Amino acid sequence: MDGGDEKRPLTADNKAPRSAVVVNPVKVTDLDEFRRTVDDALAAAGWPEPAWYETTVEDPGRGQTEAAVEGGAEVVFACGGDGTVMACVTALAGTDVALAVLPQGTGNLLAANLGLSGDLAAGLEVAVERGVRRLDVGAVGDRCFAVMAGMGFDAQMLDSTSETTKKRFGWPAYVVGAAKHLRDRPMRVSIRIDGGPPLRRRARSVLVGNVGRLQGGVRLLTDAEPDDGWLDVAVLTPRTLGHWLALGWAVLRRRGSVPRMEVFRGRRVEITSNRAQPRQLDGDLIEPGRSLKAEIRPGSLWLCVPRPAGHPDLSVDADAAAQRGERLVEEVRHE
1 MDGGDEKRPL
11 TADNKAPRSA
21 VVVNPVKVTD
31 LDEFRRTVDD
41 ALAAAGWPEP
51 AWYETTVEDP
61 GRGQTEAAVE
71 GGAEVVFACG
81 GDGTVMACVT
91 ALAGTDVALA
101 VLPQGTGNLL
111 AANLGLSGDL
121 AAGLEVAVER
131 GVRRLDVGAV
141 GDRCFAVMAG
151 MGFDAQMLDS
161 TSETTKKRFG
171 WPAYVVGAAK
181 HLRDRPMRVS
191 IRIDGGPPLR
201 RRARSVLVGN
211 VGRLQGGVRL
221 LTDAEPDDGW
231 LDVAVLTPRT
241 LGHWLALGWA
251 VLRRRGSVPR
261 MEVFRGRRVE
271 ITSNRAQPRQ
281 LDGDLIEPGR
291 SLKAEIRPGS
301 LWLCVPRPAG
311 HPDLSVDADA
321 AAQRGERLVE
331 EVRHE
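Numbering (UniProt numbering), first residue to last: 1 to 335.
Don't take every hint at face value.
As the list claims (entries may be wrong) - Using C-beta positions, here's what the derived DEER-type ranges look like:
1) R202 - G248: 34 to 42 Å
2) N274 - P25: 13 to 21 Å
3) R239 - R36: 38 to 46 Å
4) G72 - D30: 23 to 31 Å
5) R200 - G71: 46 to 54 Å
6) R254 - R185: 23 to 31 Å
7) E287 - A12: 40 to 48 Å
8) T11 - R219: 53 to 61 Å
9) G46 - D223: 26 to 34 Å
10) G71 - A44: 32 to 40 Å
11) R265 - G46: 39 to 47 Å
12) A250 - P197: 24 to 32 Å
13) T29 - D59: 18 to 26 Å
14) T56 - T29: 13 to 21 Å
Derived from the structure by calculation, the hints contain no laboratory data.
Just so we're clear, the structure is a prediction, and the values are computed from it rather than from any experiment.
For glycine and all other residues, C-beta sits at the position ideal for the given N, C-alpha and C.
Could you build all of it, start to finish, from the sequences and the hints given here?
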């Protein structure tokens with residue numbers, strides 16, 4: 001699944017790329033209006049009408065994305081929450097088809113790293129401007145993640161945050177979910193990196209990151225880059241409320257080292273716990289388990305990004321893209 005050649009799905013010469021939209025209908029308030037907006041905006045940019053695929057409970061997007069690729073799509077728009085995006089990433093990794101994100105969920109982690117939040121106009125503009133970048137992905141079994149996998153507290157937080165709360169408050173709702181587990185007992189973990197000797201810790205969470213930004217724009221892993229061929233592993237070991245406050249304040253300020261957090265790097269990571277733990281990929285819960293094995297797959301995914309496409313921060317130019325996108329959407333809505 002590793003990326004090989006540099007054949008780009010979107011170039012200046014390709015004036016009318018074929019596209020498809022994989023949408024979770026549950027996440028969209030008015031699907032007909034949403035579809036008209038996307039179709040009209042792409043038509044105004046000179047693109048042909050996209051093919052549309054709706055996700056289901058049984059298939060959150062992987063099968064639909066594979067069908068879109070087989071149908072000749074050069075760009076696939078992922079429209080939904082973290083589960084939809086992760087399914088599309090898994091299906092597109094190793095292909096020459098680009099992923100564009102149109103976030104419709106309340107906590108889309110990849111969109112946060114692109115600086116897109118829930119902005120439909122910005123997501124469309126990023127795609128039509130043809131800024132693309134080949135990124136690494138992490139693989140856990142037969143599933144891929146573009147941003148981050150985790151085991152322990154981070155997944156507990158996701159599990160304890162209700163959909164109703166997220167819809168009402170957006171990403172700050174996760175603070176409520178986090179507060180419920182600050183005093184939980186740590187897990188005993190063994191961490192092997194690239195087959196080396198085990199690192200034994202009493203940890204609250206172990207995060208495996210390809211990109212370093214969390215919800216709300218908080219950058220946890222300052223050295224993580226999406227195309228450097230490495231996974232960054234953060235081991236969080238707070239035991240008291242004071243430890244949590246010191247860790248959180250240091251992450252927000254990003255000055256010097258972060259107390260109660262160790263960071264390692266590797267290409268293969270195996271985390272084993274003394275008991276089953278909640279687990280997540282790119283902000284989407286997967287089944288609990290005692291272990292999490294992740295490996296890097298370099299250059300596997302073409303992603304539509306705000307320009308300039310080569311900057312280490314994927315969100316560069318996102319605000320300007322949003323403004324240009326708003327003009328595009330407003331124009332088609334008034335026609």
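How the hints compare with the structure:
1. R202 - G248: 34 to 42 Å: With a Cβ separation near 19 Å, R202 and G248 fall outside 34 to 42 Å, so the hint is violated.
2. N274 - P25: 13 to 21 Å: Given about 41 Å between the Cβ atoms, the range is violated.
3. R239 - R36: 38 to 46 Å: Cβ of R239 to Cβ of R36: about 53 Å, so the range 38 to 46 Å is violated.
4. G72 - D30: 23 to 31 Å: holds, 29 Å
5. R200 - G71: 46 to 54 Å: holds, 49 Å
6. R254 - R185: 23 to 31 Å: With a Cβ separation near 29 Å, R254 and R185 satisfy 23 to 31 Å, so the hint holds.
7. E287 - A12: 40 to 48 Å: holds, 44 Å
8. T11 - R219: 53 to 61 Å: The hinted range 53 to 61 Å is violated for T11 and R219, with Cβ atoms some 31 Å apart.
9. G46 - D223: 26 to 34 Å: violated, 40 Å
10. G71 - A44: 32 to 40 Å: violated, 23 Å
11. R265 - G46: 39 to 47 Å: The hint (39 to 47 Å, Cβ to Cβ) holds, given that R265 and G46 are roughly 43 Å apart.
12. A250 - P197: 24 to 32 Å: holds, 28 Å
13. T29 - D59: 18 to 26 Å: holds, 22 Å
14. T56 - T29: 13 to 21 Å: holds, 19 Å
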